[in-house]
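Protein chains: 2
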Amino acid sequence: MNEKTTADLEKLRGLIDGVDQQLLHLLRKRLDLVAQVGAVKHGAGVPIYAPQREAAMLAKRREEAANMDISPQLIEDILRRLMRESYLNEKDVGFKQVKTDLGHIVVVGGQGQLGQLFTQMLTLSGYQVKTLDKDDWQRAPELFDGAGMVLVTVPIKVTCDVIRNQLGQLPETCILADLTSIKDEPLNAMLDAHKGPVVGLHPMFGPDVGSLAKQVVVVCHGRNADAYEWLMEQIQIWGARLVVADAKEHDNAMQLVQAMRHFSSFVYGLNLCREQADIDKLLQFSSPIYRLELAMVGRLFAQDPELYADIIFAQQGSLTAIGDYLENYQSALELLKSGNRQAFVEQFKQVSQWFGDFAPQFQNESRAMLQSVNDMKAG
Amino acid sequence: MNEKTTADLEKLRGLIDGVDQQLLHLLRKRLDLVAQVGAVKHGAGVPIYAPQREAAMLAKRREEAANMDISPQLIEDILRRLMRESYLNEKDVGFKQVKTDLGHIVVVGGQGQLGQLFTQMLTLSGYQVKTLDKDDWQRAPELFDGAGMVLVTVPIKVTCDVIRNQLGQLPETCILADLTSIKDEPLNAMLDAHKGPVVGLHPMFGPDVGSLAKQVVVVCHGRNADAYEWLMEQIQIWGARLVVADAKEHDNAMQLVQAMRHFSSFVYGLNLCREQADIDKLLQFSSPIYRLELAMVGRLFAQDPELYADIIFAQQGSLTAIGDYLENYQSALELLKSGNRQAFVEQFKQVSQWFGDFAPQFQNESRAMLQSVNDMKAG
Chain U
1 MNEKTTADLE KLRGLIDGVD QQLLHLLRKR LDLVAQVGAV KHGAGVPIYA PQREAAMLAK
61 RREEAANMDI SPQLIEDILR RLMRESYLNE KDVGFKQVKT DLGHIVVVGG QGQLGQLFTQ
121 MLTLSGYQVK TLDKDDWQRA PELFDGAGMV LVTVPIKVTC DVIRNQLGQL PETCILADLT
181 SIKDEPLNAM LDAHKGPVVG LHPMFGPDVG SLAKQVVVVC HGRNADAYEW LMEQIQIWGA
241 RLVVADAKEH DNAMQLVQAM RHFSSFVYGL NLCREQADID KLLQFSSPIY RLELAMVGRL
301 FAQDPELYAD IIFAQQGSLT AIGDYLENYQ SALELLKSGN RQAFVEQFKQ VSQWFGDFAP
361 QFQNESRAML QSVNDMKAG
Chain Z
1 MNEKTTADLE KLRGLIDGVD QQLLHLLRKR LDLVAQVGAV KHGAGVPIYA PQREAAMLAK
61 RREEAANMDI SPQLIEDILR RLMRESYLNE KDVGFKQVKT DLGHIVVVGG QGQLGQLFTQ
121 MLTLSGYQVK TLDKDDWQRA PELFDGAGMV LVTVPIKVTC DVIRNQLGQL PETCILADLT
181 SIKDEPLNAM LDAHKGPVVG LHPMFGPDVG SLAKQVVVVC HGRNADAYEW LMEQIQIWGA
241 RLVVADAKEH DNAMQLVQAM RHFSSFVYGL NLCREQADID KLLQFSSPIY RLELAMVGRL
301 FAQDPELYAD IIFAQQGSLT AIGDYLENYQ SALELLKSGN RQAFVEQFKQ VSQWFGDFAP
361 QFQNESRAML QSVNDMKAG
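Protein chains in written order, with UniProt numbering: chain U, 1 to 379; chain Z, 1 to 379.
The following block holds chain U by itself, in its conformation from the complex (with noise of 0.2 Å):
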């Protein structure tokens, strides 16, 4: 480079820092009027995700940018990354307490994450909460006295134990509900042990989100609906958003996607292992893609290998879903092996017939979710 490159160039530079500086000044104002729509929206009980307002704001930037001759998609992003900064900032304000005259809630296995984050929720909404772990059993009538729910969220492969020999005893208004990522046997041990108001959660998020913003929370209904509406309302005003489900088709869903694909990753994992595969060495040679996914297997061998082995134990209906995946693995196989190209591109055909729009639907995801990926690369 010349000396005068070099000079534009640091001109220039001078100029996009002091665009970066009123950039963040914005950013501050921002966040502070948002705070406020938040602080309000508290007051008034109101949640604090309102997709129809989200989407109309969105829509008229979308066109002032490209009367500016900005792409609509660039504002969009911005605005988004934005609007979930916004959201993790609500809980230093807290949120509106939906059911004042409860009495206080008792979360069994307030230890674990997902417990901690609801005890968390709870206690920014005003709730009173007891936490129970397992060395607790012998305090456990003092707890319950009084209680007007008893959230049950302790590990998948104790939970139908738990429920069945400890909660038989509970105050008959007490809500009875659970956050297993399984529902149905759960739900059925909950409605056996307990005569009063009964419901199934199953929130579809590990507990390092920053906050519940359109997340999603499966409900499982079990009994006196009405007692528990409040608790809908409240999930809601977090900014989650319901999904009700009968409990055994939800199990199922779960097997085709959870299980399986949790057990093909673990395998996947094992199978580099076994390779001896050079990790430094895939990774530079990754596409986008291929880092998302291998990414997506490392995440899960950062996690407990106790918590995993009971998800991937919990439901006899995995096991099938597991060993039909394996039969169509070694009838595609077999096809490959017999150098039977054309049958192989009948199948994948059918296959993307089965997809239909689909598919092409989850390209344009996954090619912006690559981008972003792609945004993410250091040096």
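You may find that some hints are simply not true.
[Said to hold, decoys possible] Computed beta-carbon distance windows for the label pairs:
id: 1; chain 1: U; residue 1: Asn340; chain 2: Z; residue 2: Ser331; range: 45 to 55 Å
id: 2; chain 1: U; residue 1: Ser331; chain 2: Z; residue 2: Gln22; range: 39 to 49 Å
id: 3; chain 1: U; residue 1: Asn340; chain 2: Z; residue 2: Gln120; range: 34 to 44 Å
id: 4; chain 1: U; residue 1: Glu64; chain 2: Z; residue 2: His104; range: 40 to 50 Å
id: 5; chain 1: Z; residue 1: Val93; chain 2: U; residue 2: Glu275; range: 43 to 53 Å
id: 6; chain 1: U; residue 1: Gln52; chain 2: Z; residue 2: Glu3; range: 57 to 67 Å
id: 7; chain 1: U; residue 1: Lys281; chain 2: Z; residue 2: Asp135; range: 32 to 42 Å
[Claimed, not checked] Listed below are the simulated DSBU-like cross-link pairs for lysine-lysine, each with C-alpha atoms no more than 30 Å apart in a straight line:
id: 8; chain 1: U; residue 1: Lys157; chain 2: Z; residue 2: Lys337
id: 9; chain 1: Z; residue 1: Lys11; chain 2: U; residue 2: Lys337
id: 10; chain 1: U; residue 1: Lys11; chain 2: Z; residue 2: Lys91
id: 11; chain 1: Z; residue 1: Lys29; chain 2: U; residue 2: Lys29
id: 12; chain 1: Z; residue 1: Lys91; chain 2: U; residue 2: Lys60
id: 13; chain 1: U; residue 1: Lys11; chain 2: Z; residue 2: Lys4
id: 14; chain 1: U; residue 1: Lys134; chain 2: Z; residue 2: Lys11
id: 15; chain 1: U; residue 1: Lys11; chain 2: U; residue 2: Lys29
id: 16; chain 1: U; residue 1: Lys157; chain 2: U; residue 2: Lys134
id: 17; chain 1: U; residue 1: Lys349; chain 2: Z; residue 2: Lys130
id: 18; chain 1: U; residue 1: Lys91; chain 2: Z; residue 2: Lys11
id: 19; chain 1: U; residue 1: Lys99; chain 2: U; residue 2: Lys195
Note that these hints are calculated values from the structure, not bench results. Think of the CB as a built atom: it goes at the ideal place given N, C-alpha and C, for glycine as much as any other residue.
Fit chain Z to the known structure of chain U by using the hints.
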């Protein structure tokens, strides 16, 4: 909501709208300034992607943000998104031509998507590009006459045949290069067919990337590297990063990540299809992580079955990798069936140890990805 709440919210939203107007103007200004930087770099032939400058700039902004009580990650994410936009716009300016006395370039297979992308990039850099497609072979002698480079990007199943049968009569100083996703066989075929400079390239990205900034191109040197040094520089000016690799090593790594993962995603789709899964319902239940995984599977089936079969059938080594995976799957399933939870946990721990520091690193990376997947959710 009462009237006061509604009025308060309206007022705040009006103020937010005002901030967003200023934000759009600032974005416009920043894009224009970066475009000027691009023009200066273009004139001087400096690569558009400058990792060190980028890292230094982000570090500075993060510090400034922290001083204003703004999350450093927020400003970094927004600036990275803005940089992507600027890279996209670079194309409008064109790129410096490193080699001005090359003669013309022939892209063999120029109607394919990757061929079109490279034709576009080369043309934007001032080179004269002629394309040769499968019906054009009678024009080959005329097209090759005086060519400075021939770039092969034909379907993988015919690559080596095309090289062996059609490219034996190139001018001796002509560079012969290919873009095939396997490297060993095509590189050897090129070295056999042509006595002049030879280089194998594997662009590690799909033809739908908007910009080559930060993307990886694998380089397998063949012969007379001096003669194609300009090409290496040219690709870097487009913003890509070069990774030099041994062809066999590259192919082995690709079998592990690419062929194997492609195949297991294919089986996953086949499995969903055979189980007649209800995609709508699966999506409703899906947490960000499963939505991402479904999208990665589904995107496969939006692609061309023939192209896909080519990739799977191209390498004998893939078959071994795919078979090894099957064996590991079977033995893990046996463990599951026998109910040997402890052995399963042990195996899990072994793999975790093998992943070492990569496991938590992948967990952090994927957390960021999953957050941006969640940001994209509409109501």
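Verification of the supplied hints:
1. For the pair Asn340(U) and Ser331(Z), the supplied restraint of 45 to 55 Å is violated, since their beta-carbon distance comes to about 27 Å.
2. For Ser331(U) and Gln22(Z), the hinted distance range of 39 to 49 Å is not satisfied, since their beta carbons lie about 60 Å from each other.
3. Under the hint 34 to 44 Å, the C-beta atoms of Asn340(U) and Gln120(Z), about 37 Å apart, fit the expected range.
4. Separation of Glu64(U) from His104(Z) is about 45 Å and conforms to the stated range, judged on CB atoms against 40 to 50 Å.
5. As the Cβ distance of Val93(Z) to Glu275(U) is approximately 45 Å, the hint placing it in 43 to 53 Å holds.
6. Between Gln52(U) and Glu3(Z) the CB atoms are about 20 Å apart, so this pair departs from the stated range of 57 to 67 Å.
7. Here the CB-CB span from Lys281(U) to Asp135(Z) is close to 40 Å, well matched to the stated 32 to 42 Å.
8. Between Lys157(U) and Lys337(Z) the alpha-carbon distance is near 16 Å, which keeps this suggested pair within the 30 Å criterion.
9. For the hint linking Lys11(Z) to Lys337(U), the alpha-carbon distance of about 68 Å lies beyond 30 Å, and the restraint is violated.
10. Of the pairs offered as hints, the one joining Lys11(U) and Lys91(Z) holds, with about 23 Å between alpha carbons and a cut-off of 30 Å not exceeded.
11. A C-alpha spacing of about 19 Å is found between Lys29(Z) and Lys29(U), which places the hinted pair at or below 30 Å, so the restraint holds.
12. The straight-line distance between the Cα atoms of Lys91(Z) and Lys60(U) is roughly 28 Å, inside the 30 Å bound, and the hint therefore holds.
13. With a C-alpha separation of about 50 Å, the suggested pairing of Lys11(U) with Lys4(Z) is violated against the 30 Å cut-off.
14. For the given pair, Lys134(U) sits about 51 Å from Lys11(Z) by alpha-carbon distance, which is inconsistent with the 30 Å threshold.
15. As the CA atoms of Lys11(U) and Lys29(U) are separated by approximately 28 Å, the hinted pair is consistent with the 30 Å bound.
16. Of the pairs offered as hints, the one joining Lys157(U) and Lys134(U) holds, with about 14 Å between alpha carbons and a cut-off of 30 Å not exceeded.
17. The hinted pair formed by Lys349(U) and Lys130(Z) fails the criterion: a straight-line CA distance of about 34 Å is larger than 30 Å.
18. The hinted pair formed by Lys91(U) and Lys11(Z) meets the criterion: a straight-line CA distance of about 23 Å does not exceed 30 Å.
19. Taking the CA atoms of Lys99(U) and Lys195(U), the gap is near 21 Å; set against the 30 Å cutoff, the hint holds.
The structure shown violates the earlier hints numbered 1, 2, 6, 9, 13, 14 and 17.
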